[in-house]
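Just so you know, the sequences run in chain order A and B. Following the working numbering, the numbering of the first sequence begins with 1 at its first residue and continues without gaps. Following the working numbering, the numbering of the second sequence begins with 345 at its first residue and continues without gaps.
Any given hint could turn out to be false.
[Unchecked claim] Some chain A residues judged to face chain B by a derived CB distance under 7 Å, without partners named:
(1) 44
(2) 120
(3) 123
(4) 125
(5) 160
(6) 219
(7) 222
(8) 241
(9) 256
(10) 260
(11) 261
(12) 273
Since the hints were derived computationally from the structure, they do not count as laboratory data. A virtual CB, placed ideally from N, CA and C, is assigned to each residue, including glycine.
In case you want the letters, here they are:
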Amino acid sequence: MADKILEVEDLSVEFATYGGTVKAVRGVSFDVNRGETLAIVGESGCGKSVTVQAIMGIIPMPPGKITGGTAKLNGENILGLPPKEANRFRGVEIGMIFQDPMTSLNPTMTIGDQISETLMVHRGMSYTDASRRAVELLDKTKIAEAAKRAKQYPFEFSGGMLQRAMIAQSLACNPSVLMADEPTTALDVTIQAQILELMAELQRTENMSIILITHDLAVVARMADQVAVMYAGQIVESGSVDDIFYRSSHPYTLGLKEAMPTNKRDGKKTLTPILGSPPDLFHPPTGCGYFARCPYAMAVCEHHQPEEHHLTDSDAEHQARCWLQHEGAPHIKALNQPGADQRD
Amino acid sequence: MIETKDLAKHFQVGRGQILHAVDGISMKIQENEILGLVGESGSGKSTFGKALIGLHPLTSGSTIYNGHTLPTKFNAADHLKYSKELQMIFQDPYSSLNPRMTVLDIVGEGLLIQGKVSRNDVKEQVADWLGKVGLNADHMSRYPHEFSGGQRQRIGIARAMIIQPRFVVCDEPISALDVSVQAQVVNLLEELKNDLGLTMLFIAHDLSMVRYVSDRMAVMYLGSLVESGPADEVFFHPQHPYTKLLVEANPEPDPASERLRQHVPIAGEITSPMNLGAGCRFADRCPQAMDHCRNVTPKITFIAENHTVSCHLFDQS
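Construct the entire structure; sequences and hints are all you get.
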């Protein structure tokens, strides 16, 4: 059994708005193993960012509210702690990097000072020591002329460099978990490749776990060990990266794959869009969230929440929240269903 | 159908500094083809697209459209004349739609400006086009903020297409959209190309998508064209060192092949387009750069009938 560093169970988050209550995350459970990468994939608005923000304790409350669940870091529940206690682990045990480095760093502080601040607050270092360490960290994230760069302000950095600086900051206290919320979405492919390689390398050297939030399946294929596919505030399928790509067991996972071009030479495949839009989370559907868009939807899906079905097709844990995994369900050719010998 | 000769667009940015956004691009786009244009941000793709249809006055060079040379600087009459045939779909579906106009006004405005149609006809045509792009006629009286990103992008497409142009510049029409919606927009563009015989310049930075959409593909770096050819040729047999690195950096949605791949990212970042001199623009980042590359601008070399590369490694002499 792999060493679990973070165990999230049944996490639910709501937001009170003028229009009513949005149930953004509806009972999400997952584990993160030490030294591995878990990718959380899904469309905008599916609750993937809210999930990690809730664990990190950075959801503004109100309007946000964690309505249930636990998140255990090394066995200790860290969900919904008061800020003072939360500061023991956030930024220390768990580091975080954001999608848009330009707006996530303070424009009026030098890069070096922003990194040293972390060290002074959490480690009680002196300014001089912290500044020296900040330069080392920038060096570690492969920023050339780190000493000079540390004295510069965010506007003097390019997008890729800022993302490196933010990684340096998140590594300041040697976290055991790094949460990365769409870290490369704003970057060019060439810079994306650099940042992903840097993250993979740091993971190896520091034995760090990574939670990677992304909507890009190619990035998932490049980085992930485990994958959780989210839709409408729930995890609809989870498993090893190979389970998700080669033994897709939920129609939504299949839909995402069909909507993307591959780099295969043998002619063009036709892209199949997922029609319609995600359900209104002010009034989440009583049945399966994907019902309205699912090409294989059955009568049962409309009003009955699908159970989580455990698949036994690989050694790893592979789960899908879909009625088609029920033993009485019809066989769908494109879908991985135990008992049927279809594989794509 | 549309051809550029040594097209250049420089911007004066004050203090005598010149930003070389596009520098000497010669390119041909054939009737009824989709030419994909890729490159990093800051490589001048959008500026090139805009200059091509007269939205930027040219610094030098020329654009030839169906045998006529287009004016280097469009005046109001030129815009009116050419906007019937040359249209553009903008990158950002949020800032490119006027928030104070209804969808009917946004999509129908072009028709009214072109004249020759009554208000009722406009309404009919707008309804028709909204249907074609997957929206419905009820949406006509709504404002842009009531739509999602994908829907807005489709409003932008309807606005460009209602004029029934011959040539459309699509500037990153899908990069702001979710994967599931990207496929819808891409399929729609292909359909329009086949049904209406459209010619398109498809600008994007997503290599896999460009390869999927385009007949031919062109790669830009710092304002210059480094390689162009049939999409599959450029994608699977890249010749220019920059194209090779770009293709290598492009991840594939397949874990098995990602595990096999060597991850050697391209070093450095795109340099500043200020005050550029002679020499190959990519020389500073190129793993195969020679002294020669830093001093002499490479010429376009044909390595196959319709596959060109601008690189000294391919010089015959």
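Here is how each hint holds up against the structure:
1. 44: 6 Å, holds
2. 120: 31 Å, violated
3. 123: 32 Å, violated
4. 125: Since the shortest Cβ distance to chain B is 31 Å, the answer is violated.
5. 160: 6 Å, holds
6. 219: 6 Å, holds
7. 222: 4 Å, holds
8. 241: 5 Å, holds
9. 256: Residue 256(A) check passes; min Cβ-Cβ to chain B is 6 Å, inside 7 Å.
10. 260: 5 Å, holds
11. 261: Result: holds, 4 Å to nearest chain B Cβ.
12. 273: The hint holds - residue 273(A) has a Cβ within 7 Å of chain B, the shortest such distance being about 4 Å.
The structure shown violates the earlier hints numbered 2, 3 and 4.
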